[in-house]
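The task is simple: from the sequences and hints, build the whole structure.
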Amino acid sequence: MCDAKPLQTWNMSAKPDTNDTAADDVNRTFTSGWTIVGFTATAQFFSVGIGYYTFGVYLVPLTESLGENRFWVSLALSMQTVLMAALSPLAGRIVSDYSIRGAMVFGVCMLSAGLIICSQANSLWLLYLGFGVVISLGVVFLGNIPCNLMLANWFVRRRGMALGISQAGITVSGVLLVPLATYLVVNFGWRISFLVFAVLTPAILLPLIWKFAIRAPQDIGLHPDGDSQQNIEMHVGQGTHWNFARAIRERDIWLISLIAGPCYMGVAAVVIALPSHGMDLGLSPMQASTAVLVTTLFGTLAKPLAGTVSDYMSKRLVVAIAIALQLVATGVLLIASDLFMLCLAGALFGLGYGSIAPLWSLLLAERFGLADFAKVMGLAMPLTMPFNLIGLPLTTLIFEMTGSYTPAFAFLFLGYGVSGVCVWLLRLPSDSS
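Note that the working numbering gives residue 426 to position 426 of the sequence shown, counting from 1, and the numbers run on in steps of one.
Calculated from the structure, these hints are not laboratory results. If a hint is listed, it holds; no wrong ones were tucked in.
Once the Cα atoms are required to be at most 20 Å apart in a straight line, the calculated SDA-like pairs of lysine to any residue come out as:
id, residue 1, residue 2
1, Lys-211, Thr-35
2, Lys-211, Ala-41
3, Lys-211, Trp-34
Structure follows, in structure tokens:
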């Protein structure tokens, strides 16, 4: 099932970012596809790290300062998830048809503005406005959609590796930004912490966006993978154009969403519930958190690993392996009784869930091409959103009803079964290679 040469898709007719004048202000000597990988990893590090991972640090101090319970405060994060899904089709269209640099600058400004609003919050509605609405705009225009579009354009043969390395920046943000946010909150308070990130984010990202937010290598006289024009013509295929109405009727966009969705549901259910499950087994809080650290570490390693492997093997096979790893990990969780078994389950689960994020983007790019890749991704994101939303509440509900996380973890087998069937039904152009 190995592909000797991965499918190459390139939209030769795609218009350059005419509003960005990239060819005039970028030194080609220092601009390559790997520079773009570093830039997109940094953009996602800040957008997702600040917009998602650090929220848990602020939950308790916000609850105490606003005089509300944790449910109402945490609703801000749920609002963000829903709004990002709703905005994704619009963001995909704007990024596809207009200036990618302008979209990312707008995203940085919204992210910073949202953090400033949060720093001044003295009631729930300001928190909802800042974190639930304005930061949502920042994350959706700065993160996944523009970054993945650039990487898909800049890489053909090594697209999987590039996407995997870039998306590892998201996981690394959880490792680095959470301790930083915690330090700021403990020593200076949550309001100052929000303001520090509001200043730090544009200070770092705006110069990088101005220099490296380049839609495609052709915009500065280069080619994907650094190839010559002759190699590009040998390996590149013409892209197909998609709009919302046409894409939503395609069976494969639903299949790809049903492949990724249950895996994302498993992440919300397992990773977030893992510390509580470990303590229920009699482990100390520190021991239980060790299992989460192991899960995160292997999840980070899995992204570039799975992306690289998918450049040389059938993407459907790599996806099937990732799903199988999550399934086996869930089975180990069901029988785990000590720290070693919990860490083993975390390692296997991390390898599985970490692989899904770059593979989801790769499946969309191969099946639908690059001509309207951002639009298709913007459409696909709301289709996976319900799984992200129900994972943790469903797990918590089952725990409250049964007094154990075991039935909730067992329920995930059904979702992985759905994902496996959809992998079997999906057909990609490279399957005929």
